[in-house]
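Undergrad: Between the sequences and the hints, there should be enough to build the whole structure, so can you do that?
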Amino acid sequence: MQAKYINPFLKASMNLFKEYLGLRAEAGKPFLLANVQDLDAVSAIIGLAGDTKGAVVLSFSRETAIAIVSKMSGRELKVLGNEVMDGVGELVNIIAGNAKQDLLEFRIEISLPGVITGNASKIHWPEGIPVVAIPFTTELGPFTVNVSLKDIA
Amino acid sequence: MNILIVDDSGVMRRIHKGILLEHGVAESDIIEAEDGKAALAVAREKTIGLFLVDWNMPNLNGIDFVRTLRAMDPYKTTPIVMITSEAAKYMVVEAIQAGVTNYVVKPIKGKALFEKIGKFLEGQG
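Chains S and X are the protein sequences, given in the same order. So the first sequence is numbered by my numbering: it starts at 1 and just counts up by one. So the second sequence is numbered by my numbering: it starts at 154 and just counts up by one.
Any given hint could turn out to be false.
Lysine to any residue pairs mimicking SDA-like chemistry, simulated, CA-CA at most 20 Å apart [unchecked claim]:
1) Lys262(X) x Ser70(S)
2) Lys71(S) x Arg167(X)
3) Lys262(X) x Phe273(X)
4) Lys242(X) x Gln101(S)
5) Lys242(X) x Ala49(S)
6) Lys11(S) x Ile261(X)
7) Lys264(X) x Leu23(S)
8) Lys18(S) x Val258(X)
9) Lys264(X) x Gly22(S)
10) Lys4(S) x Leu103(S)
11) Lys269(X) x Val257(X)
12) Lys264(X) x Ser73(S)
13) Lys71(S) x Ile261(X)
Hints in this document: simulated from the structure, not taken from any laboratory.
TA: Here's what the structure looks like:
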């Protein structure tokens, strides 16, 4: 997968965390996810369809997910309940929707977000397309933006 | 004036409601709907003076909700602000063609959002 397809998601993630949530989000070096089931405990998923196909998965530990959605909603949340699941779904929705403006080669439709906890094997990644993981660190904990997007043939 | 917030995310509905309350909108004037289908039911039952509408929602999405709403006599000119993560220009064009009055890309902070919607509340009580 070419870097130009990763950069829009990197940019959208940075904008979301820095400008909206007021969190310093430092991006690490993107890497190829060797085992696509190797994700943190909470994964928020958006499918991409249209001129290309793919998926975006935002993954956190439980603690980080709770802390970030607390920051987002302005309420101190304690447990991984519906509100946290709703919030992380909205975060991946914003990242995917924002990234579209810089993916001008494609006309992409994004799915409704889904959130799973625990077993990442429930994620249906597009077959045969590598997954690139972009690691971030923040004061509320690390998270990863995982992108799988089919290049133009 | 009734304001209808249409978003499938309860977190976002609460954030938008909080912004309205901070700017003096009465809680009794704020109505929430979790998708376009539920919003249409509210719009048929009550008179709405301002709609804040997400795009990506189950059952009836925001763009189809707007098209349906604009075909209804009471809502041909009612302000509709679409608040969505969809940032691609062709989506903005599609929304305007469907009848959206103003288009706001999430994420947006409270003050900036109110600057976009406050003008629709002026003179209303």
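Undergrad: Now, for every hint given, state plainly whether the structure supports it.
TA: Verification of the hints:
1. Lys262(X) x Ser70(S): 16 Å, holds
2. Lys71(S) x Arg167(X): Given pair Lys71(S), Arg167(X) holds - Cα atoms ~14 Å apart, limit 20 Å.
3. Lys262(X) x Phe273(X): 18 Å, holds
4. Lys242(X) x Gln101(S): 7 Å, holds
5. Lys242(X) x Ala49(S): Holds. Lys242(X) to Ala49(S) sits at ~18 Å (cutoff 20 Å).
6. Lys11(S) x Ile261(X): 16 Å, holds
7. Lys264(X) x Leu23(S): 18 Å, holds
8. Lys18(S) x Val258(X): 16 Å, holds
9. Lys264(X) x Gly22(S): 14 Å, holds
10. Lys4(S) x Leu103(S): Holds, at roughly 8 Å.
11. Lys269(X) x Val257(X): With a Cα-Cα distance of about 8 Å, the restraint between Lys269(X) and Val257(X) holds, given a limit of 20 Å.
12. Lys264(X) x Ser73(S): 15 Å, holds
13. Lys71(S) x Ile261(X): 14 Å, holds
Hint compliance for this structure: every hint is met.
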